[in-house]
Amino acid sequence: MAKRSSERPRVVLLVLMAAALSLLTAQFRDFLPVDDFQQGFRDVISPFRKVIDRATDPFQTVWNGIFDYENVNDENERLQVEIARMRGEELRNEADRELLERLLGEVDIDYLELKTVVARIVGVPGGNYNSHIVEINKGTDNGLKEGAGVITKAGLVGYLHEVDRSTALVRLATHPDFRVGVRLINSQDEGLARGNGSPGLLILDAGINVDTDVSIGEVAVTSGGRSIFPQDIPVGRVIDPDLEADYARSIEIDLSASLENLSFLNVILDPREN
Amino acid sequence: MNTWLRVLTLLIGAAILQSSIFTEIRVGGTGVELLLLISVLSGYHGGPLRGAYVSFWSGLVNDCIVASPLGIHALIYPAIAVAVSNLEERFINEKSTVRAFGIVLAVATGVLLTAGVGHIFGEGTFNTSSLPETAIVAGVMTTLFSKPLSSIVKWAVSIGIPREVKTHFAGGGR
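Protein chains in written order, with this note's numbering: chain B, 1 to 274; chain Y, 1001 to 1174.
Isolated chain B, as found in the complex:
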C-alpha cells in the first residue's frame, strides 16, 4: 500500500471536480480555447496514430476476422431477407415500384450534382463513450468545415461533428442528438426527424399532422431551407406511419443509406456553393 500523504485527498478531489465542471461549462458556452485545445491535441498525436495503425494493421485484420465473423454472417442474412422482400414487393405491386423509382429519380437529379469531397472511413473513436460516430480521413486541410452534411449516393448519412486538420468525426443520422428537416414526397408535408440510437432508423415525430395520409414505403427527402442539408437528398422510406396515433405522431423511417456498411462518404461543401 502506498503511504498516505498528510494532505487531504477529499479536498483535492473536490478541487479537481470543480475544475472539470468549469471546463465543461466553458465547453458548453462555446469558449473557443477549449475546442482548440482538444483539436490541437488530436492533431499532435495524429501522425503517431497513423504510424501505429500501419504497424499493427495485420493484427487488426486478424482480430476483425475473428470477432466480426458473426457480424458478417448476420449482415449476409439480413441482405438475403432484404432481397427476398424486394422481390416480393416487385411481384406484388409493380405500379408502386414504378412510382417509387420515378420519385427517387426526380430527387436524385439535384443531390448528385452537389459539390462534395470524397472521404474514406478510417474507424471509430476509441473507448465506449461515442457511439454512432465514425472517423474519416479528410479534415480542414481538404476544405471541410464543422457541421457540413455527409451523404452517400444512397442518401443521408450524417454531419461533421468535429473537424481536425487531417481527420474528422461524422455524427451519424442514428445518433440520438441528430436532427434533420424532412419532407414526405406524397403529402409534401414537412417535419423534423431525429435519430434514436436504433440502427438504420429515424423517427419523424414533429411537424406531421395526425390526419396526414402517410403510407408505408413513402419516400422522405431532406426539406432544405436553413438546414445544413440541401433539399431533396433521399433520407429513406416510411416503414411505420403510426396511423393509430391520437396526438403526437411518431413515424419510423428506414434510412436509405446503410450506415453499418459504409466505406466511402461524400462530404457536402458549403451549401451556398451548391
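Any given hint could be a false lead.
As the list claims (entries may be wrong) - For lysine-lysine, the following BS3-like pairs were computed, each having C-alpha atoms within a straight-line distance of at most 30 Å: (1) B:K153 - B:K115; (2) Y:K1147 - B:K50; (3) Y:K1095 - Y:K1154; (4) B:K115 - B:K145; (5) B:K50 - Y:K1154; (6) B:K50 - B:K153.
I should point out that these hints are in silico values taken from the structure, not numbers from a laboratory.
Given the structure of chain B, go ahead and fit chain Y onto it with the hints provided.
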C-alpha cells in the same frame, strides 16, 4: 526522469494506443478503456492524491481523443482513482482473481458513471438498453490488459513513494 514527465509519457503513449489499435480491438462493438484503466491503476499504485491528479489528466486526455465535452471523463476518473485507493488495503492480500474482479468492477463503474454524467449534460451517446452489458464487457476486456499496464503505471506513479512501502508490498505478494 521525474514523476510528471513519466506520467506525461504514459498518458501520451496511452492516448496514441487508445486512438489507434484499441479502436479496432472491439467485441460486439465494445472497446477497451485504456485511460480509465490507467486511472484505476494510478489510484492503486500511487495513493489517493497522486491517483487523483493522474486520473484527472487521464480523463482530460480521454476527452480530447474521443471528442467528448472537455471535463466529462475528468470529472469521473479522479473519483474512481480515490475510491480504488481507499479500497486497496482490503484487496492487497487477496488472490489475483479477486483483484482482477475489483478492476472489472472499477472500470464498469467508470463507464456507467461517465454515461450518467454525459446524460445529465445532454449527451445522448449511449444506448441505455445495452449500457450495463457494455460496461461489463468493457470492464472484462480492459482488465485483460491490466497486468502489463500495471508495471508501467507503477513505474510512472510510484517514484518518490517511501521505501517502507516496498516492505509492505513484499508481504502482499504483489
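Tested hints:
no. : hint              : result
1   : B:K153 - B:K115   : 13 Å, holds
2   : Y:K1147 - B:K50   : 26 Å, holds
3   : Y:K1095 - Y:K1154 : 19 Å, holds
4   : B:K115 - B:K145   : 14 Å, holds
5   : B:K50 - Y:K1154   : 28 Å, holds
6   : B:K50 - B:K153    : 28 Å, holds
The structure shown violates none of the earlier numbered hints.
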